[in-house]
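**Student:** My request is simple: use the sequences and hints to build the entire structure.
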Amino acid sequence: MEETQGNKLLHSKEKCHLCVCGKKCKSRKALKLHSRFHTNEKPHVCKMCGKAFIQRCDLKTHLRTHTKEKSYVCEECGMSFTQIGSLKAHVRIHTKEKPYVCEECGMVFTQSNTLKIHLRTHTKEKPYACEICGKRIAHKGSLNDHLRTHTKEKPYVCEMCDMAFTQRCNLKRHLRTHTKEKPYVCEECGMVFTQSNTLKKHLRTHTKEKPYACEICGKRIAHKGSLNEHLRTHTKEKPYVCEICDMVFIQRCNLKRHLRTHTKEKPHVCDICQKAFCRKNGLKEHLRVHAKGKK
213 MEETQGNKLL
223 HSKEKCHLCV
233 CGKKCKSRKA
243 LKLHSRFHTN
253 EKPHVCKMCG
263 KAFIQRCDLK
273 THLRTHTKEK
283 SYVCEECGMS
293 FTQIGSLKAH
303 VRIHTKEKPY
313 VCEECGMVFT
323 QSNTLKIHLR
333 THTKEKPYAC
343 EICGKRIAHK
353 GSLNDHLRTH
363 TKEKPYVCEM
373 CDMAFTQRCN
383 LKRHLRTHTK
393 EKPYVCEECG
403 MVFTQSNTLK
413 KHLRTHTKEK
423 PYACEICGKR
433 IAHKGSLNEH
443 LRTHTKEKPY
453 VCEICDMVFI
463 QRCNLKRHLR
473 THTKEKPHVC
483 DICQKAFCRK
493 NGLKEHLRVH
503 AKGKK
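Mapped onto this note's numbering, the consecutive letters of the sequence shown carry residue numbers 213 to 507.
These are calculated hints, taken from the structure and not from any lab test.
Be careful, since some hints might not be right.
[What the hints assert, rightly or not] Cut-off 35 angstroms, straight-line C-alpha distance, at most; resulting in silico cross-link-like pairs (DSBU-like, lysine-lysine):
#1 Lys504 to Lys347
#2 Lys300 to Lys254
#3 Lys392 to Lys487
#4 Lys436 to Lys478
#5 Lys394 to Lys366
#6 Lys504 to Lys468
#7 Lys394 to Lys431
#8 Lys450 to Lys478
#9 Lys496 to Lys422
**Tutor:** Right, dumping it as structure tokens:
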């Protein structure tokens with residue numbers, strides 16, 4: 213048996229080169245290549261940007277980011293990619309194949325990396341830290357989004373109205389105010405929503421789930437926002453102020469309703485006779501007049 217710099221060569225019917233970490237390599241060359249993952253030796257350097265790589269094939273792949281060469285093409289839709297791994301992941305969009313399964317909850321994913329990120333919802337692992345405030349964050353993308361709350365940078369701009377956002381998802385959500393798209397459908401009653409979070413909240417009207425509890429009186433409440441408003445009935449805090457007459461309110465919806473006494477706006481319209489009302493309750497009472505007339 214021969215030992216060199218922590219790497220062991222085992223003799224058997226088939227020669228097997230064994231690394232100190234336990235990995236078996238079929239040849240001395242493969243062992244040498246593998247050893248670089250321990251020594252962090254990166255002999256293959258990009259002449260254009262100086263970035264270094266352990267393997268020649270990784271340098272070759274990287275060079276395409278400079279040359280813009282995309283030699284891997286999807287036969288289904290024609291999209292091209294610099295890496296074969298990216299093409300393979302993309303093809304699963306067409307095949308609907310999701311080979312990566314979460315053993316904790318059964319969710320399935322098209323990419324191993326997406327599964328890896330998802331697993332942090334179970335492990336509560338937060339490997340990224342904000343250099344400014346120290347907040348721990350689970351995902352690199354979320355860290356970049358969080359940093360913009362400090363820098364005030366808003367790189368995502370709506371082409372229709374020029375509103376700018378710190379996060380791509382907020383721009384995507386905002387665009388639906390222009391397109392009127394409502395992709396999230398309640399399977400229980402058919403109601404549609406622009407946001408998945410709004411659908412999630414709505415579902416509680418069917419399930420009667422009330423996950424939030426008041427620490428003062430124990431009342432169970434369906435939504436976090438409603439819990440905050442309920443707490444103000446105990447604290448007597450009234451943060452919503454009318455800029456016209458200085459009246460204060462516990463809930464935003466009450467301020468909104470009050471403002472109509474100044475603007476004379478009547479958003480609730482009767483479909484039968486077109487009479488308009490400031491408040492929803494006023495419309496409900498009015499509809500009973502029509503209902504009685506039909507009897």
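**Student:** Is the hinted pair Lys394 and Lys431 satisfied, with a Cα-Cα distance of at most 35 angstroms?
**Tutor:** 33 angstroms, holds
**Student:** Holds or violated: Lys450 and Lys478, Cα atoms, limit 35 angstroms.
**Tutor:** 25 angstroms, holds
**Student:** Given the proposed pairing of Lys300 with Lys254, does the C-alpha separation stay at or below 35 angstroms?
**Tutor:** Roughly 27 angstroms between the alpha carbons, so the hint for Lys300 and Lys254 holds.
**Student:** Are Lys504 and Lys347 close enough, with their CA atoms no more than 35 angstroms apart?
**Tutor:** 60 angstroms, violated
**Student:** Check whether the Cα positions of Lys504 and Lys468 lie no farther apart than 35 angstroms.
**Tutor:** Satisfied, since the Cα-Cα distance of roughly 31 angstroms is no more than 35 angstroms.
**Student:** With the threshold set at 35 angstroms, check whether the alpha-carbon distance from Lys436 to Lys478 stays at or below it.
**Tutor:** 29 angstroms, holds
**Student:** Just to be careful, I want the Cα atoms of Lys392 and Lys487 compared with a cutoff of 35 angstroms; is the pair within it?
**Tutor:** Holds, at roughly 26 angstroms.
**Student:** Measure nothing beyond the straight line between the CA atoms of Lys496 and Lys422; if it is 35 angstroms or shorter, mark the hint as holding.
**Tutor:** Answer holds: Lys496 to Lys422 is near 27 angstroms, not above 35 angstroms.
**Student:** Given the proposed pairing of Lys394 with Lys366, does the C-alpha separation stay at or below 35 angstroms?
**Tutor:** 25 angstroms, holds
The earlier numbered hint that this structure contradicts is number 1, and it is the only one.
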